[in-house]
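S.K.: The primary structure of each chain is shown beneath.
Protein chains: 2
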Amino acid sequence: MARSVVPLANLIEQFERLPGIGHKSAQKLAFYILSMTDTEAKKFADTIMMAHEKIHRCKTCCDLTDGEYCNICLDGQRDRSVICVVENSKDVIAIERTHEYTGLYHVLQGAISPMNGIGPDEITVKELLSRLSDDKIEEIIMATNPTVEGEATAMYISRLIKPMGIKVSRLAYGVPVGADLEYADEITLSRAIEGRQIL
Amino acid sequence: MARSVVPLANLIEQFERLPGIGHKSAQKLAFYILSMTDTEAKKFADTIMMAHEKIHRCKTCCDLTDGEYCNICLDGQRDRSVICVVENSKDVIAIERTHEYTGLYHVLQGAISPMNGIGPDEITVKELLSRLSDDKIEEIIMATNPTVEGEATAMYISRLIKPMGIKVSRLAYGVPVGADLEYADEITLSRAIEGRQIL
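So the protein sequences, as listed, match chains A and B.
Every number in our numbering is 622 more than the matching position in the first sequence, counting from 1.
Every number in our numbering is 622 more than the matching position in the second sequence, counting from 1.
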């Protein structure tokens, strides 16, 4: 088949725009879409539109939701004295998966990165600060990524919050569970030594 | 974010159905869709619907096309005395990419596989045979995959066509160009020896 079958070429091109999808995969996905029944294809297209129309930020924590507030903010069982600050919604999913944390979240929707023109105003720092004056928050856990940007963001926010008398903590650094020490990089390893715990 | 954000969970589920997309990738793709502008998301959904509505099989060669006949069948420059028989449209793209072949194609839309309940009637064998009586075909090149099913299909079709006095050939087996002999499997290697060419 010549690539000049326009609707197919368009579909391949659309898939190629997605992250992590190269030309070969885009082609495979496009052919898969063609192999679907009409109903299935319509459902696929509708789901995209529906998700795009219905999902927006929670008015409190800025996480994604299809309601006014997200399910975690609405959940009466959660501990309202702790806020875990993360960069994005995927981090909330990752932490929820541990079933260890019962507090609230705040989703920054990014990290401060002057190189990319992202300052404190481009992420939801203001929204976080306004929550601190409203609620009775005792601790803020900074769970931004262990990257230069994540670190900088954690430092920036903790400097704003500490003067308010609220405890600010940071996720522990260390060797990942199940990993081999031999393969840990020097920085992780030295952080693991620094943060060693008494047994 | 709880997975209970229904439109998002649906979108992730839709992506998970695609071949080669696991849960993690589906999640990444869904978030990417959400990060699109409304126009982009609409275009993505529309392209899926459009491709699905417009694309069907060429009346001659059964390849995918958005017209009545595909571009290759319509192309006056192609050699109409040779038909290359392939399993699916992706194989046509692969062969076209070589710029070596100027004949026509026939897309079987599958291979005979009794294990999966696919017999000669489930693929486009009948359509191929009807082309042989209509046109002045001199050679059929069997280019089905070098798998058990592809082999069986090639054998089955060649037995039907040979009695008509039409030459039937099969793609050469051998070591892939650029590969290391050391890593070639025994079957490929013995096929390469069998098919050796005089220099």
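Accuracy of the hints is not assured; some may be wrong.
Since the list gives no way to pick one copy over another, a pair counts as held whenever it fits inside one copy or between any two copies.
Taking lysine-lysine pairs in the BS3-like style, the calculated list, with each CA pair at most 27 Å apart, reads [as the list claims (entries may be wrong)]:
no., residue 1, residue 2
1, K664, K681
2, K646, K664
3, K748, K789
4, K789, K664
5, K665, K784
6, K784, K748
7, K646, K676
8, K676, K650
9, K712, K665
10, K646, K748
11, K758, K664
12, K758, K665
13, K784, K758
14, K665, K789
15, K748, K664
16, K712, K681
17, K758, K676
18, K681, K650
19, K676, K784
20, K748, K665
21, K784, K664
22, K665, K646
23, K712, K676
24, K712, K789
These are computed hints drawn from the structure, not numbers from a lab.
Note that the coordinates shown come from a computational prediction; the quantities given were computed from them, not determined experimentally.
S.K.: All hints, please: hold or fail.
M.R.: Verification of the hints:
1. For the identical chains of this complex, K664 and K681 are inter-copy neighbours only, at 25 Å across copies versus 32 Å inside a copy, given an alpha-carbon limit of 27 Å.
2. For the homomeric pair K646 and K664, the shortest alpha-carbon distances inside one copy (24 Å) and between copies (24 Å) are both at most 27 Å.
3. In this assembly of identical chains, the alpha carbons of K748 and K789 lie at most 27 Å apart only when taken from the same copy (18 Å versus 76 Å across copies).
4. With identical chains, the CA atoms of K789 and K664 are never at most 27 Å apart, being 50 Å at best within one copy and 45 Å at best between copies.
5. Proximity of K665 to K784 under the C-alpha cut-off of 27 Å is found in neither arrangement, the shortest distances being 49 Å within a copy and 46 Å between copies.
6. In the homo-oligomer, the alpha carbons of K784 and K748 lie at most 27 Å apart inside one protomer (15 Å), although the nearest pairing across protomers, at 78 Å, exceeds that limit.
7. Taking identical chains as interchangeable, the C-alpha atoms of K646 and K676 lie at most 27 Å apart only when they sit on different chains, with a minimum of 22 Å there against 32 Å within one chain.
8. In this homomeric assembly, K676 and K650 come within 27 Å of each other (Cα to Cα) only across copies, at 18 Å, whereas the closest approach inside a single copy is 29 Å.
9. For a Cα distance limit of 27 Å, the shortest separation of K712 from K665 qualifies both inside one copy, at 24 Å, and across copies, at 25 Å.
10. Proximity of K646 to K748 under the C-alpha cut-off of 27 Å is found in neither arrangement, the shortest distances being 43 Å within a copy and 31 Å between copies.
11. In the homo-oligomer, the alpha carbons of K758 and K664 never lie at most 27 Å apart, since the shortest distance is 47 Å inside one protomer and 42 Å across protomers.
12. Taking the shortest Cα distances, K758 and K665 never come within 27 Å of each other, neither inside one copy (44 Å) nor across copies (45 Å).
13. For a Cα distance limit of 27 Å, the shortest separation of K784 from K758 inside one copy, 15 Å, qualifies, whereas the shortest one across copies, 86 Å, does not.
14. Taking the closest pair of Cα atoms, K665 and K789 never come within 27 Å of each other, the shortest separation being 48 Å inside a single copy and 47 Å across copies.
15. For a Cα distance limit of 27 Å, the shortest separation of K748 from K664 qualifies neither inside one copy, at 40 Å, nor across copies, at 31 Å.
16. For the homomeric pair K712 and K681, the shortest alpha-carbon distance inside one copy (18 Å) is at most 27 Å, but the shortest distance between copies (48 Å) is not.
17. For the homomeric pair K758 and K676, neither the shortest alpha-carbon distance inside one copy (31 Å) nor that between copies (59 Å) is at most 27 Å.
18. Taking the closest pair of Cα atoms, K681 and K650 come within 27 Å of each other only across two copies (23 Å); inside a single copy the shortest separation is 39 Å, beyond that limit.
19. Taking the closest pair of Cα atoms, K676 and K784 never come within 27 Å of each other, the shortest separation being 37 Å inside a single copy and 61 Å across copies.
20. Taking the shortest alpha-carbon separations for K748 and K665, neither the intra-copy value of 38 Å nor the inter-copy value of 33 Å comes in at or below 27 Å.
21. Taking the shortest Cα distances, K784 and K664 never come within 27 Å of each other, neither inside one copy (52 Å) nor across copies (44 Å).
22. Taking identical chains as interchangeable, the C-alpha atoms of K665 and K646 lie at most 27 Å apart whether they share a chain (24 Å) or sit on different chains (21 Å).
23. For a Cα distance limit of 27 Å, the shortest separation of K712 from K676 inside one copy, 18 Å, qualifies, whereas the shortest one across copies, 36 Å, does not.
24. In this homomeric assembly, K712 and K789 come within 27 Å of each other (Cα to Cα) only inside a single copy, at 25 Å, whereas the closest approach across copies is 59 Å.
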